[in-house]
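From first to last, the protein sequence lines stand for chains A and B. If you read the first sequence in our numbering, its first letter stands for residue 182, the second for the next number, and so on. If you read the second sequence in our numbering, its first letter stands for residue 7, the second for the next number, and so on.
Hints are not guaranteed to be accurate.
[Said to hold, decoys possible] The calculated BS3-like cross-link candidates involving lysine-lysine, where the alpha carbons are at most 25 Å apart (straight line), are:
| hint | chain 1 | residue 1 | chain 2 | residue 2 |
| --- | --- | --- | --- | --- |
| 1 | A | Lys291 | A | Lys351 |
| 2 | A | Lys214 | A | Lys335 |
| 3 | B | Lys26 | B | Lys102 |
| 4 | A | Lys351 | B | Lys102 |
| 5 | B | Lys102 | A | Lys214 |
| 6 | A | Lys291 | A | Lys214 |
| 7 | B | Lys84 | B | Lys102 |
| 8 | A | Lys214 | B | Lys112 |
The hints are simulated quantities; they were obtained by calculation from the structure and are not laboratory data. Just so it is clear, the structure is predicted and the values come from calculations on it, not from any experiment.
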Amino acid sequence: MCAVCGCGETAVRPAPGSPQERTLRVERDILGKNDAQARVNRRDFAERGVFALNLVSSPGSGKTTLLVKTIELLKGRRPVAVIEGDQQTSNDAERIRAAGAPAVQINTGKGCHLDADMVAHAFDSLEPPQGAVLFIENVGNLVCPAAFDLGEGKRVVVLSVTEGEDKPLKYPDMFASADLMLVNKADLLPYVDFDVSVCVANALRVNPRLRAMTVSARSGEGLEGFVDWIEAGGE
Amino acid sequence: MHEMALTQSVVEIALEEARKAGAQRVTRISLDIGRLSAVVPEAMRFCFDAITAGTAAEGAALDIAELDGAGWCLDCGKTVPLEERFGPCPDCAGFKVQMTAGDEMKIRELEVI
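Please model the entire structure based on the sequences and the hints provided.
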């Protein structure tokens, strides 16, 4: 095959129409395998009464700090388990365990997202108790994880106020696929040019049914609302 | 980046379908990829050789048909071409456009021997 554009002109194969060559109609979705595993995950979560949340964001939005604080607030209310996705290191899983929740770290290596199969394996080794909240912290990346259903109950996109108000317009796929947007690091609002209402309006443009909450994982502001939302099953 | 995973999925599905059909080799894989989907065709072509190496699809051609985007504009009450996934209606510039085509990511057919 041509190494530049993959056009296949130099590939060694029988001439078209040669007797043994035949065409198979396939018509299968490329993501079909992932979607099938996501359906299995969804069923497995439901069987154990587990409410799974897929947390997505760019790197550095404060997902892990947010999780640590949320775990503290959920203590005594709901059992919690965490699946951590990162390219490398188990730093995040260690932070979560220090906060008192069981965690499994998935290192994706060169991968830029978690897929349903990775989550299935992590879920098997975690074995969260009946009725647990399962947080799946995806790889920090606003592009690739959008396309991969993990079988989660709800998808939560975290956007920090040190990013731009136009992030939802620049990375629309992620915001379109989310159920809840957390505008994080609200304690920094006095110091940055970030208008929360503009950001929310931008997000609603790509996803009119998106819920939005303003929180600060650092100060704890708004986190009760997030925890209430979790306890209500994301309604 | 995620094209690597998507291309792996394409090749897995192709090998599975070829096996089911009792074929020895896959010589061509034809895809339908919408221009508004999460796929960059060039990135798929780039990793296709590496992924098919050593499989029954080694040396196969990869054909990617890129399909145009379209949407239904609620205000104009008609189907309009769509350049961006959440872009405006080219006629009224409004944003009440629901995508109706262009997000396809499908394996259409295979040639096998």
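Tested hints:
1. A:Lys291 x A:Lys351: 24 Å, holds
2. A:Lys214 x A:Lys335: Roughly 20 Å separates the two Cα atoms, so the pair holds.
3. B:Lys26 x B:Lys102: Distance of about 44 Å is beyond 25 Å: violated.
4. A:Lys351 x B:Lys102: Holds. Lys351 (chain A) to Lys102 (chain B) sits at ~18 Å (cutoff 25 Å).
5. B:Lys102 x A:Lys214: The hint is violated at about 32 Å.
6. A:Lys291 x A:Lys214: The hint holds at about 20 Å.
7. B:Lys84 x B:Lys102: Status holds; Cα separation ~11 Å.
8. A:Lys214 x B:Lys112: Measuring from Cα to Cα gives roughly 12 Å; hence the hint holds.
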